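Quick mapping for you: the protein sequence lines, in order, are chains Y, G, C and V.
Numbering follows this note's numbering, in which position 132 of the first sequence is assigned residue number 132; successive positions increment by one, without gaps.
Numbering follows this note's numbering, in which position 255 of the second sequence is assigned residue number 255; successive positions increment by one, without gaps.
Numbering follows this note's numbering, in which position 33 of the third sequence is assigned residue number 33; successive positions increment by one, without gaps.
Numbering follows this note's numbering, in which position 58 of the fourth sequence is assigned residue number 58; successive positions increment by one, without gaps.
It should be emphasised that the hints constitute simulated quantities derived from the structure, not laboratory data.
Source: prediction; values computed, not measured.
Among the hints, erroneous ones may be present.
In silico lysine to aspartate or glutamate, EDC-like type, Cα no more than 16 Å apart, as pairs [said to hold, decoys possible]: (1) G:K197 <-> G:D48; (2) G:K125 <-> G:D42; (3) Y:K97 <-> Y:E183; (4) Y:K131 <-> Y:E54; (5) G:K115 <-> G:E30; (6) G:K115 <-> G:D48; (7) Y:K18 <-> V:D80; (8) G:K197 <-> G:E163; (9) G:K295 <-> G:D199; (10) G:K239 <-> G:E145; (11) Y:K43 <-> Y:E28; (12) C:K541 <-> G:E363; (13) G:K125 <-> G:E163; (14) Y:K173 <-> C:E608; (15) C:K541 <-> C:E524; (16) Y:K173 <-> Y:E183; (17) G:K350 <-> C:E70; (18) V:K82 <-> Y:D15; (19) G:K197 <-> G:D42; (20) G:K350 <-> C:D63; (21) C:K539 <-> G:E344.
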Amino acid sequence: MTDHAHALETSTGLDSRKLAIWTFIGSECMFFATLISNYLVHKGKSLVGPFAHEVWKDPATGKVFEPIIEIPLVTVGTALLLFSSLFIVLALYGAQKGNRKMLIGWLAATILCGMFFVGMQVYEFTHFVHKGLTLSRNMFGASFFVLTGFHGTHVTIGVIWLFTMFILALRGKLTPNRSLNLEMAALYWHFVDVVWIVIFPVVYLIR
Amino acid sequence: MHPRTTAARRRAGAPFLCALAVALAGCSPERYPQTALLPLSDFARIGDHVQDQTFYWALGVFVLVEGALLYSIFRFRGRPEDPEPSQIHGNTTIEIIWTLIPALILAAIAVPTVKGIFETNAIPKGAMVIEVIGHQWWWEFRYPEANITTANEMFIPAGRTVELKINSGDVVHSFWPPRFAGKRDVFPGRETRLWWKADSTGLYPGQCAEYCGIQHARMAFHVRSVTPQDFEAWIGHMKAKGPPKPPAAAAPAAGGSLRTASAGAKVQGARDSAAAGAPAQGAEYAAGEKLFMTKGCMGCHSLQAVGAPKGLIGPNLANVGSRSHIAAGWLPNTDENLERWIREPQSVKKGVLMPNLGVTVEEARALRAYLRAHQ
Amino acid sequence: MATTALDQPHAHAAHAEKTGLWSWLTTVDHKRIGILYGATAFFFFLLGGIEALIIRIQLARPDNNFISPETYNQLFTMHGTTMIFLAIMPLSSMLFNYLIPLMIGARDVAFPRLNAFSYWVFLLGGLFLNASFLFGAAPDTGWYGYANLTSRQFSAGPNVDFWNMGLQVLGVASLAAAVNFFVTIVNMRAPGMTMMRMPMFVWMSFITQILLLLAFPVIAVALILLMFDRFFGTHFFIPAGGGDPLLWQHFFWVFGHPEVYILILPAFGVVSEVLPVFSRKPLFGYAAMVFSGVFIAFLGFGVWSHHMFTTGMGPIADTFFSLSTMLIAIPTGVKIFNWMGTMWFGSLQFRTPMYFAVAFIAMFIIGGLSGVMHASPPADLQQNDTYFIVAHFHYVLFGGSIFALTAGAYYWWPKMFGRMLDERLGKVHFWLMLLGFNLTFFPMHFVGLNGMPRRTYTYPAELGFTALNQIETAGSLLLGLAFLVFLINVVRTSRGPRNALADPWNGATLEWAIPSPPPEWNFERVPVVDGRDPLWEEKRKNGGRLPEPVAGTGAGIHLPNPSYWPLVTAVGVTAVFIGILESPRWGPWGIIVAVALLLFGLYSWLFEKGYSEFRTPSHGGH
Amino acid sequence: MSTHVEAQEHAHPTPSTYAKIGLVLFILTALEVGLYEITFGESAGSFGHAIQPFFIPLLLFLSAIKFALVAMYYMHLKNDSKLFSGVFVFPLIIASVVILALVALQAYHWAFARSGG
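Please model the complete structure; the sequences and the hints are all you need to start from.
Structure, rendered in structure tokens:
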């Protein structure tokens with residue numbers, strides 16, 4: 001992605017790569033908008049349990065299914081992603097100011113938060129499957145796993161991208177005049193966090 | 001469209017004109033039994049009225065705009081050495097004019113459209129309900145009040161509003177009787193509605209209009225609009241086709257009174273089925289009846305119009321003998337076609353769910369005789 | 001990687017002309033990629049044309065068995081999918097690639113290697129989609145693949161999976177190209193060329209990129225949901241589990257309608273370039289054309305349910321979508337009137353491109369009017385899913401896009417290949433195409449209104465459709481002949497001398513200010529623009545004529561190196577979707593290997609020597 | 001569209017402002033979860049039931065603030081070129097139009113189908 005056309009005189013004075021990442025983020029907005037509308041459209045359409053927020057008793061087997069959503073677990077995840085947004089901004093600030101220690105420190109913190117978030121989500125998914133909610137079980141399961149799963153995939157891609165940036169930072173490649181590459185990764189990371197800011201209430205909190 | 005020389009214009013115009021003449025002759029609606037341009041019901045007239053409105057506006061715009069284009073082609077034709085024309089960049093007043101005029105025309109179209117939308121969506125009360133169920137590649141019709149099931153040929157009383165409750169047994173189809181109403185998509189798991197009041201009698205074809213698999217092209221049906229008296233007679237006649245009495249009793253050999261030759265033939269009164277004498281081909285009939293069991297036809301088809309089991313794979317054959325077409329409304333119901341359809345359905349309608357049962361020619365003739373007796 | 005020839009310091013611009021397969025496989029020059037797009041798209045266009053001919057032969061007689069029902073269903077699906085995704089879009093992309101940098105005075109697109117990547121993903125996607133024929137499992141559920149016929153229960157074979165994965169791959173190609181061209185148009189315009197001084201073709205392409213950016217993610221999600229339904233047992237579109245097939249129609253047409261504007265706006269752009277040049281006067285109402293284009297794009301997201309009037313959505317929804325559809329007809333009308341305003345009082349030069357451009361207007365008017373006719377639901381209840389709709393969209397897609405793209409081909413052929421296509425053969429091609437087109441598609445209006453549904457592999461004789469269908473088949477053979485004449489024209493011209501002038505038509509835009517075909521660096525000095533139609537301004541200053549431009553040496557001009565990593569990454573992307581298609585047999589391994597290849601290609605691309613400034617700045621790194 | 005090269009250095013917020021915003025975001029998240037607990041959680045008292053009808057608008061309002069904060073400050077939209085804001089906000093408008101339209105149509109279908117229309 002980084003055809004480095006050295007500080008080419010562009011019509012808007014902005015760097016093409018930053019404009020490209022913003023265009024990509026604009027396009028991804030529609031991607032997640034469709035996934036979210038798919039979730040909302042299927043709200044309340046599940047024929048069988050388990051449900052998000054209500055207990056459900058299987059008429060056939062009499063087995064009782066607890067509500068799937070566990071707020072404490074996901075709140076921790078949300079806080080992690082939130083703080084990782086803060087950390088990446090500080091890391092970028094460090095990169096732009098040439099403060100190598102600040103860059104590497106906060107970048108590592110961001111990556112750790114990201115990995116913990118993905119870990120939380122993997123744990124959450126396996127936990128839900130044990131509670132009886134699988135992809136093919138009901139509409140809630142299907143749309144929930146697809147929406148949060150694709151968001152998780154985007155977070156994973158972000159972690160890999162940031163990890164690559166981390167290696168470059170260690171090798172001293174993220175000098176101030178090359179901090180744009182980290183800014184692009186940061187913008188992508190903020191976008192993934194902003195999407196979670198929308199998913200969290202819509203999926204987990206709205207009954 | 002704009003050849004350089006007049007000779008070229010005449011030469012190029014000739015084939016175009018004669019093709020146009022053939023096309024125009026070929027498109028007069030009377031020659032098409034399944035046309036949407038000759039409405040026979042109130043519902044269809046709403047759509048036809050709205051379509052006429054938009055068509056005439058479109059024709060007017062077509063003539064004016066294409067005429068202006070043709071005029072400008074010949075009027076402003078130039079040669080490279082001509083002086084450069086005046087470099088006009090635009091004209092806001094003209095822009096406003098040719099934004100407002102189309103807006104007004106569209107408003108003129110929008111009024112009947114919105115009126116038509118609400119009219120076609122308002123189902124009159126007290127209509128006779130008919131359930132339409134689309135299956136992969138045939139149509140099932142049920143009359144809930146009379147608890148009658150039939151297939152591929154829907155009887156409706158002229159002059160009375162019928163309301164169709166439409167569902168699908170498998171994929172999305174689209175029920176389209178063009179002479180009586182527009183099309184309504186047929187969804188599995190979501191009931192849709194269509195209604196009309198036919199104002200004349202006759203046999204009119206219709207077809208599935210939403211691609212639904214290999215034999216979408218041959219998933220047709222007919223709507224037979226009959227007078228209310230004939231309709232009551234038909235209901236009575238079908239009501240007699242209850243569950244089969246034990247074989248010992250006289251076979252319910254109903255007479256062939258309802259044979260209808262071609263479209264529009266009147267339906268005679270039904271005779272009470274029990275009183276029917278043994279039909280001439282008694283032996284073949286009995287053989288056919290036995291084969292109907294042994295060959296497994298019973299597994300998919302039901303012969304009783306009243307209280308037929310739901311969810312059978314094959315169409316109900318209670319009155320198959322009197323239907324104008326078989327194999328879902330497109331193959332004329334002649335003896336020869338019926339035999340071929342029984343013997344080798346896969347070559348008549350490839351991919352249909354009825355397998356080739358290895359029926360010999362004689363067996364097919366016996367089955368045909370048996371089914372033909374089911375008027 | 002072994003150090004290859006690419007490792008020497010970045011290629012000087014003045015080195016020998018690169019030829020041979022390797023130079024094409026590793027090209028990052030927008031002009032070569034444009035020619036690659038054009039050649040591939042034309043090949044797929046011919047493929048789609050042959051599919052159409054077979055369909056027409058099958059429909060020539062009632063109860064015909066020229067081909068079996070399954071083959072017919074595969075052919076009409078592939079005809080639709082090929083013509084839309086593999087012919088018209090890439091033909092437009094040929095013009096984007098070749099002309100946008102030239103028209104805005106740039107040396108290349110913003111991201112040359114991303115441009116190469118888009119082409120290779122498109123090529124591999126097209127081959128992957130058509131490979132389904134080899135397995136006798138070509139998609140057979142229509143180009144918009146309505147649910148729940150596409151569910152595993154009713155389409156057990158891999159047909160739908162080929163279609164699903166093929167469109168996902170093509171989606172990646174379109175999105176990558178859209179980001180690239182959006183940034184190119186915004187960021188790489190010549191000094192002085194503000195947005196309101198850009199050529200109209202560039203404006204229409206700009207709006208098309210925005211539509212692509214916003215519409216393709218929607219179809220990507222819809223296809224993902226369909227993939228989950230078919231592979232992982234979910235019930236998004238399967239009623240048994242609580243899903244609703246109508247949801248697929250919503251998702252598809254939210255993408256579908258912007259898609260049809262993606263197909264027609266580039267054609268609008270081509271005609272808006274050809275008409276002023278052959279009327280020898282500027283485009284009429286430039287601002288009106290821009291705003292109507294923007295209005296079409298924005299409203300394009302608000303009309304989608306006019307494809308679904310027969311599903312019984314209820315009067316409120318029908319009214320809203322009917323009125324919004326009528327509303328969108330107004331800017332389209334404004335565009336048509338502005339084209340005619342361009343011709344009015346002009347000095348019309350009837351060269352071949354002008355023939356096609358004027359025929360475009362004439363045919364598109366018919367298509368537009370038949371479109372308005374089924375904007376009203378009561379009328380649409382009779383017209384939907386019949387041959388009337390087939391006639392409508394062929395008048396706007398064939399009569400519209402193909403006529404305009406052919407005009408563009410004749411108009412820009414000298415610029416792209418340095419040779420002029422023969423005028424006489426061009427006119428023969430035109431008359432055959434116009435006659436064949438009208439003979440094929442005008443009767444469809446009548447046969448549609450008289451009861452012939454769409455996508456039927458045959459029809460009974462008693463319904464009376466035979467006569468008109470025979471005329472249509474005759475017309476389609478004429479169309480086949482027309483494109484044969486075009487091929488002859490192309491082959492004969494390619495043998496002739498490369499003697500086209502830099503500005504054979506007295507053009508107004510920047511691409512005519514440089515030699516035909518332009519050197520690899522396009523502009524010796526990036527031009528300064530101070531108005532619309534820059535070349536006409538220049539000519540007025542120099543007494544009407546400009547000397548033949550000289551190519552120049554291109555010394556000191558930084559040109560990106562060729563690179564094969566976009567091709568490797570493209571193979572990786574396509575392999576991922578092949579892996580998904582084969583996941584029932586290969587399990588996750590296909591996907592894992594493909595992702596590994598993808599990451600390997602991507603990382604090698606990002607850190608390629610001579611490009612990335614992550615390397616310590618060796619000579620090649622500046 | 002300015003044609004001169006825009007000065008690269010804008011007035012980027014300082015780390016302390018970032019930290020403050022981070023804190024505000026955390027508090028807002030806590031508020032969201034708190035709002036959920038008092039409305040639907042076990043300790044939902046009479047007050048919880050009282051505000052239940054306002055739960056969704058309140059919740060969406062809180063997340064909208066968080067969305068704006070991250071976009072404006074962390075993504076530098078506040079002091080970057082208006083072009084980036086346009087490239088981000090225009091798709092957001094189309095996205096919300098599509099979400100609202102699809103949800104409304106689904107609810108309308110459901111009601112319409114139920115009412116035997």
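What are the numbers of the hints that this structure violates, sorted from low to high? 5, 9, 11, 12, 15, 21
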